[in-house]
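Chains as they are written, first to last, in the numbering used here: chain Y, 1 to 290; chain F, 291 to 620.
Just so you know, not all the hints are guaranteed correct.
[Unchecked claim] Pairwise CB distance ranges, derived in the manner of DEER restraints:
#1 F:466 with Y:223: 40 to 46 Å
#2 F:492 with Y:138: 56 to 62 Å
#3 F:571 with Y:184: 52 to 58 Å
#4 Y:7 with F:466: 57 to 63 Å
Simulated from the structure, these hints should not be mistaken for lab results.
Owing to the predicted nature of the structure, the values given are computational and were not obtained by experimental measurement.
Beta carbons: idealized from backbone N, C-alpha and C, even for Gly.
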Amino acid sequence: MLKFDIFLSALANGLLTGAVYALIALGLTLIYGVLHIINFAHGATLTLAMFAVFVAHQAFGLDPYIAVFILTPLFFVLGYALQRFVITPASHGDDGNILLVTLGISIIIENALLAVFRSDTRSIDVPYGFSVMEIGPLFLSTPKVIAFVATLGVAGLLWLLLARSDTGKAIRAVAKEKTGASLCGIDVAHVYAVTFGIGTACLAIAACLLMPTFLVNPRVGNAFVLVAFTIVVLGGMGSIGGALAGGLIIGVVESLSGLYFGESLGQIGIFLIFLVVLLFRPTGLFGAKA
Amino acid sequence: MKGGLFTSGYGPILIVVAILAVLPFGFSANTTLNFLGFVLIVTLAAQGWNLLAGYGGQFSFGHAAFFGMGAYGIALAQVRFGLNPWLALPLAIALGALTGTILGYLSFRARLRGSYFALVTLAFAEVFRILANASTFTGGAAGVLIPLRIEAANFQFADKRSFYWLALAFVAFALLLTQAIARSRFGAYLVAVRENEDAARALGVDALAVKLKAITLSGGITAAAGSLYAQKFLYIDANLAFGPWISVEALLAPIIGGIGTVFGPLAGAVLLLGLGEITKTFFTWLLGGAVPGIDLVVFGVLLILCVAFAPRGVLGLLWRILPAFRGGRA
Chain Y
1 MLKFDIFLSA LANGLLTGAV YALIALGLTL IYGVLHIINF AHGATLTLAM FAVFVAHQAF
61 GLDPYIAVFI LTPLFFVLGY ALQRFVITPA SHGDDGNILL VTLGISIIIE NALLAVFRSD
121 TRSIDVPYGF SVMEIGPLFL STPKVIAFVA TLGVAGLLWL LLARSDTGKA IRAVAKEKTG
181 ASLCGIDVAH VYAVTFGIGT ACLAIAACLL MPTFLVNPRV GNAFVLVAFT IVVLGGMGSI
241 GGALAGGLII GVVESLSGLY FGESLGQIGI FLIFLVVLLF RPTGLFGAKA
Chain F
291 MKGGLFTSGY GPILIVVAIL AVLPFGFSAN TTLNFLGFVL IVTLAAQGWN LLAGYGGQFS
351 FGHAAFFGMG AYGIALAQVR FGLNPWLALP LAIALGALTG TILGYLSFRA RLRGSYFALV
411 TLAFAEVFRI LANASTFTGG AAGVLIPLRI EAANFQFADK RSFYWLALAF VAFALLLTQA
471 IARSRFGAYL VAVRENEDAA RALGVDALAV KLKAITLSGG ITAAAGSLYA QKFLYIDANL
531 AFGPWISVEA LLAPIIGGIG TVFGPLAGAV LLLGLGEITK TFFTWLLGGA VPGIDLVVFG
591 VLLILCVAFA PRGVLGLLWR ILPAFRGGRA
């Protein structure tokens, strides 16, 4: 039964990795759902967050699980400022321009990190980095289990925020009908920036959850950004539940195709899903919105 | 063709090409010639992008897909099938054009526009990159080395100027082609599709056919740039041929030079790569060592500044300041 055990552990690992993918995609899909823009700088911002975790650990000795409480508000402010003071004024409200401006931001972040940190791959050394949990026949990496649970927690909080709070109500109103919302006295520019800030803050959380088990270099965001786009497309653009489900599916697909086709082709499965979904079912598996 | 040489826009092209053609007589430094040759390759790749995105409004983030087809096409035809590179060149260009047609058919049939089209092209380029990196046919991660045999009949020149002039001939052809398209019925349809696809369709423009024709031509032109790249450096691998760098430069040059204009890609490539060299030299001098990526930071800033303040690029700015330079624009 060794074979089944390997399959099972690949499946479990895929689910655990998928949860962090889902968290990254959550930010992207929220921004898309409300602002109707594709944030191309999402991957680079994640890289920036991962380097922030790295620096916090190396320079100040902060554990990632503590740094999360400092970096999350910091990245919220960063996202808010980027959207309000760079993306909106520079793009004149044109979709193509927004894509180009966020591409510009991603080029700047990625290469500024390259200039400062060089292309070396870095990691942080935490005492629990290699600890494992035994669950039934499975041995699971503790930091990954923590990341899984935390992602579900963040998704729950995000849902509560959107469903119950006044800010959430405003965000949903703007997403549905921005002219109407603005007529009701909602400051649309502020809500847009807040949404972008929340999406960016999700990346800080994801970075803190990733760093105990992951490596970082200036190009690492590229690996995540298309994965995140795939999840968002698969789950239906703008759908939070879709992003969660999509993230888990993609995590499992990557893990299983890595197991059966080898590491170098593992990512191919993801891109093929991305292309097939976009070309043949652009509304996503669960999505109603086009 | 109505109008004289200058009112039709062909005059300025001939003048610019003539100036570029005599440049190599002005200096003998090999590094300068190498740099200019590289500028022309990027220009050609960018001219392909500009035709599809600048005139047709279809923003591709993955022109590396075509560039790589041209590069791998000419390299593998020689290494795997023993073809003469001059014979392989048109095949590689055709391969790029065919890739354009297929990619265009798939995405335009699915009615992908704007950001979705950008993402699909990016994903195709990534798929090609991963496949080229993994397949043994394409030499895997080690890449493809084109054997050194310096003969004009073998597309390898002892005199670096010959390569420069050849690349210039391609750029000149693309300039003339762009100008001819801009003045043609097809060009008018293309711009109509860019401005408002639904309205163009309502007026009887076959938008799908127009976009397919544009992406086919675009793929062919950018594939030619990839072929030249492979012959210039005689080595390619997946990251050089299908990597994001060329997708980004093919898009940055026209946007910075002047999107949807005949001279935009050329002006942008000269400015971009020139500025890149200056930045690299400056920071090396300032910090006493090369700083990787610093030139790309400048590119990113330029991209945002152009989108924000110069939507018609540097040429657009010039034309606004110097009305005498008007003309030759779509």
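Results for each hint:
Here the CB-CB span from residue 466 of chain F to residue 223 of chain Y is close to 42 Å, well matched to the stated 40 to 46 Å. Taking 56 to 62 Å as the suggested C-beta distance range, the pair residue 492 of chain F and residue 138 of chain Y conforms, at roughly 60 Å. At roughly 56 Å, the beta carbons of residue 571 of chain F and residue 184 of chain Y sit within the given window of 52 to 58 Å. One distance hint, 57 to 63 Å for the beta-carbon pair residue 7 of chain Y and residue 466 of chain F, holds here, with the actual separation near 60 Å.
Every hint, counting from the list given before, is met by this structure.
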